[in-house]
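**Q** What follows is the residue order along each chain.
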Amino acid sequence: MGAVSPDVTILYDTIRWEEKELLKAGRNAGLKIQMVDCKKLALNLEKTPDDYGVVVQRCVSYYRNLHSTAALEGMGVRVINCLNTGIFAGNKLFTHMLLKKAGVPTPYATVAFSKDAALDSLDSQGYPMVIKPTVGSWGRLISKLNDKDSAEAVLEGREGMYPIYQIHYLEEFVKRPPRDIRAIMVGNKIVAAIYRTSGDNSWKTNMALGGVATACPVTAEMEEMCIKAKNAVQGDIVGVDLMEDDKKGLVVHEVNNTTEYKNTVRVCGVDIPSLMLDYAVQQVK
Amino acid sequence: MTKCDECDADISIPSDALEGEIVTCPECGASFELAKGSDGFDLKPAQAVGEDWGQ
Chain Z
1 MGAVSPDVTI LYDTIRWEEK ELLKAGRNAG LKIQMVDCKK LALNLEKTPD DYGVVVQRCV
61 SYYRNLHSTA ALEGMGVRVI NCLNTGIFAG NKLFTHMLLK KAGVPTPYAT VAFSKDAALD
121 SLDSQGYPMV IKPTVGSWGR LISKLNDKDS AEAVLEGREG MYPIYQIHYL EEFVKRPPRD
181 IRAIMVGNKI VAAIYRTSGD NSWKTNMALG GVATACPVTA EMEEMCIKAK NAVQGDIVGV
241 DLMEDDKKGL VVHEVNNTTE YKNTVRVCGV DIPSLMLDYA VQQVK
Chain Y
1001 MTKCDECDAD ISIPSDALEG EIVTCPECGA SFELAKGSDG FDLKPAQAVG EDWGQ
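Sequence order for the protein chains is Z and Y. The working numbering numbers the first residue of the first sequence as 1 and each following residue consecutively. The working numbering numbers the first residue of the second sequence as 1001 and each following residue consecutively.
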């Protein structure tokens, strides 16, 4: 670690546009920014930690992110987002339960603990439904189950996978426009939001899968809902994903604890990295 | 400017490049991570997208 105490440490495992812009924003603000590559980090858990200032957790790997946060936070370092947020927001089932408890509208869901239980539940509830891994990102292994044949095929494939993929999280297929909303929250404010419109021939809206970003106006209703969603997972800086249900209106289906924001900055023109750092520095004053 | 290990095309490294940054070959699409070398940056193959990556 450097000789000068940093104001902010950016903990990363890959430098994407987001991390580079955080560094630039910090330098522009006159902050002492320390970049730490988590892949090179070994923390002796029995020693007093080095001086990190406040850590902005940006590891793209879920497991590296969660465990480095656990270690640092346990050693007394302030990490944004905190360990609980990583645990809660990193798991769609945990998030669902907390959103419901907080009174945040969220798509109906069922969790089934075996293939047969999932098929029985689908038989009684009907199709289509969406199956999602409880832990996962970028739309991977999320499938729309249109009928029993497709459900059997997908569930059969999960049987040979790591046990987390045998927890079957089944979500209603929300009737909505071909888009969802990603709202970036810094503290109790939506600093910018985008529509993510599905790419060609896909019902998924993830930018990683070819979704197209356009600016989304922020409403008071949306912000109130996002504040509740952020607080439900004890978050500081999060990306809240919402859908516009034809009948229920806005519903929150996900909260992201290490949100990407490149496309949001590009289409909204908001300096999200500076806002993140301002917020982070305030947390340790 | 450096050469792609895969296809030998020229890869330009941005002037504000950082160690750990990912650069992509404009011709073959191979990704490389910038690692500190004796004279600027060396390229090493970037980790493929991990199973647990993303948000």
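A few of these clues could be false.
DSSO-like mimics (lysine-lysine), calculated; alpha carbons at most 30 Å apart, straight line [stated by the list, open to error]: (1) Y:Lys1044 x Z:Lys20; (2) Z:Lys204 x Y:Lys1036; (3) Y:Lys1003 x Z:Lys32; (4) Y:Lys1036 x Z:Lys32; (5) Y:Lys1036 x Z:Lys262; (6) Y:Lys1003 x Z:Lys20; (7) Z:Lys32 x Z:Lys285; (8) Z:Lys228 x Z:Lys248; (9) Z:Lys262 x Y:Lys1044; (10) Y:Lys1036 x Z:Lys228; (11) Z:Lys24 x Y:Lys1003; (12) Y:Lys1003 x Z:Lys262; (13) Z:Lys24 x Z:Lys100; (14) Z:Lys228 x Z:Lys148; (15) Y:Lys1003 x Z:Lys148; (16) Z:Lys115 x Z:Lys100; (17) Z:Lys175 x Z:Lys228; (18) Z:Lys100 x Z:Lys47; (19) Z:Lys39 x Z:Lys100; (20) Z:Lys228 x Z:Lys40; (21) Z:Lys40 x Y:Lys1003; (22) Z:Lys204 x Z:Lys32; (23) Z:Lys144 x Z:Lys175; (24) Z:Lys115 x Z:Lys148; (25) Z:Lys228 x Z:Lys189; (26) Z:Lys204 x Z:Lys247; (27) Z:Lys47 x Z:Lys144; (28) Z:Lys40 x Z:Lys20; (29) Z:Lys285 x Z:Lys247; (30) Z:Lys100 x Z:Lys20; (31) Z:Lys204 x Z:Lys148; (32) Y:Lys1036 x Z:Lys101; (33) Z:Lys47 x Y:Lys1003; (34) Y:Lys1003 x Z:Lys247; (35) Z:Lys204 x Z:Lys101; (36) Y:Lys1003 x Z:Lys228; (37) Z:Lys148 x Z:Lys189; (38) Y:Lys1044 x Z:Lys148.
Since the hints were derived computationally from the structure, they do not count as laboratory data.
**Q** Indicate, hint by hint, whether the structure satisfies it.
**A** Hint by hint, here is what the structure shows:
The straight-line distance between the Cα atoms of Y:Lys1044 and Z:Lys20 is roughly 19 Å, inside the 30 Å bound, and the hint therefore holds. This hinted pair does not check out: Z:Lys204 and Y:Lys1036 have alpha carbons roughly 39 Å apart, beyond 30 Å. Note on Y:Lys1003 and Z:Lys32: the hinted pairing is violated, with a Cα-Cα distance of about 34 Å set against a maximum of 30 Å. Proximity of Y:Lys1036 to Z:Lys32 is assessed by CA-CA distance (about 22 Å); at most 30 Å being required, the pair is judged to hold.
About 26 Å separates the Cα atoms of Y:Lys1036 and Z:Lys262, which keeps this hinted pair within 30 Å; it holds. Taking the CA atoms of Y:Lys1003 and Z:Lys20, the gap is about 23 Å. The hint holds against a cut of 30 Å. The straight-line distance between the Cα atoms of Z:Lys32 and Z:Lys285 is roughly 15 Å, inside the 30 Å bound, and the hint therefore holds. Under the criterion of a C-alpha separation no larger than 30 Å, the hint pairing Z:Lys228 with Z:Lys248 is consistent with the structure, at around 17 Å.
For the proposed pair Z:Lys262 and Y:Lys1044, the alpha carbon gap of about 25 Å is at most 30 Å, so the pair holds. Restraint check for Y:Lys1036 and Z:Lys228: not satisfied, since their Cα atoms lie roughly 44 Å apart, outside the 30 Å limit. Our distance criterion of 30 Å between C-alpha atoms is met by Z:Lys24 and Y:Lys1003, whose separation comes to about 27 Å. Of the pairs offered as hints, the one joining Y:Lys1003 and Z:Lys262 holds, with about 28 Å between alpha carbons and a cut-off of 30 Å not exceeded.
As the CA atoms of Z:Lys24 and Z:Lys100 are separated by approximately 39 Å, the hinted pair breaks the 30 Å bound. Distance check on the hinted pair: Z:Lys228 and Z:Lys148 sit about 36 Å apart at the alpha-carbon level, beyond 30 Å; violated. This hinted pair does not check out: Y:Lys1003 and Z:Lys148 have alpha carbons roughly 52 Å apart, beyond 30 Å. Simply put, Z:Lys115 and Z:Lys100 have alpha-carbon atoms about 25 Å apart, close enough for the 30 Å limit, and the pair holds.
Proximity of Z:Lys175 to Z:Lys228 is assessed by CA-CA distance (about 23 Å); at most 30 Å being required, the pair is judged to hold. Distance check on the hinted pair: Z:Lys100 and Z:Lys47 sit about 40 Å apart at the alpha-carbon level, beyond 30 Å; violated. Under the criterion of a C-alpha separation no larger than 30 Å, the hint pairing Z:Lys39 with Z:Lys100 is inconsistent with the structure, at around 36 Å. For a cut-off of 30 Å, the pair hint linking Z:Lys228 to Z:Lys40 is broken: about 36 Å separates their Cα positions.
Among the hinted pairs, Z:Lys40 with Y:Lys1003 is consistent with the structure: their alpha-carbon atoms are about 26 Å apart, no more than 30 Å. Distance check on the hinted pair: Z:Lys204 and Z:Lys32 sit about 40 Å apart at the alpha-carbon level, beyond 30 Å; violated. Annotation: proposed proximity of Z:Lys144 to Z:Lys175 holds, straight-line Cα distance about 13 Å (limit 30 Å). Proximity of Z:Lys115 to Z:Lys148 is assessed by CA-CA distance (about 12 Å); at most 30 Å being required, the pair is judged to hold.
For the hint linking Z:Lys228 to Z:Lys189, the alpha-carbon distance of about 11 Å falls within 30 Å, and the restraint holds. A distance of roughly 20 Å separates the Cα atoms of Z:Lys204 and Z:Lys247; the hinted pair therefore holds under the 30 Å criterion. Pair hint Z:Lys47 plus Z:Lys144 does not hold up; C-alpha atoms about 49 Å apart against a cutoff of 30 Å. Between the alpha carbons of Z:Lys40 and Z:Lys20 the distance comes to roughly 18 Å, so the proposed pair stays at or under 30 Å and holds.
Simply put, Z:Lys285 and Z:Lys247 have alpha-carbon atoms about 45 Å apart, too far for the 30 Å limit, and the pair is violated. The straight-line distance between the Cα atoms of Z:Lys100 and Z:Lys20 is roughly 36 Å, outside the 30 Å bound, and the hint therefore fails. A threshold of 30 Å between alpha carbons decides the hint, and for Z:Lys204 with Z:Lys148 the separation of about 21 Å falls inside it, so the pair holds. Restraint check for Y:Lys1036 and Z:Lys101: not satisfied, since their Cα atoms lie roughly 49 Å apart, outside the 30 Å limit.
Among the hinted pairs, Z:Lys47 with Y:Lys1003 is inconsistent with the structure: their alpha-carbon atoms are about 43 Å apart, more than 30 Å. The suggested pairing of Y:Lys1003 with Z:Lys247 is violated, with an alpha-carbon distance near 56 Å, which exceeds 30 Å. At roughly 27 Å between alpha-carbon atoms, Z:Lys204 and Z:Lys101 fall within 30 Å of each other, so this suggested pair holds. Annotation: proposed proximity of Y:Lys1003 to Z:Lys228 is violated, straight-line Cα distance about 50 Å (limit 30 Å).
A C-alpha spacing of about 43 Å is found between Z:Lys148 and Z:Lys189, which places the hinted pair above 30 Å, so the restraint is violated. Among the hinted pairs, Y:Lys1044 with Z:Lys148 is inconsistent with the structure: their alpha-carbon atoms are about 46 Å apart, more than 30 Å.
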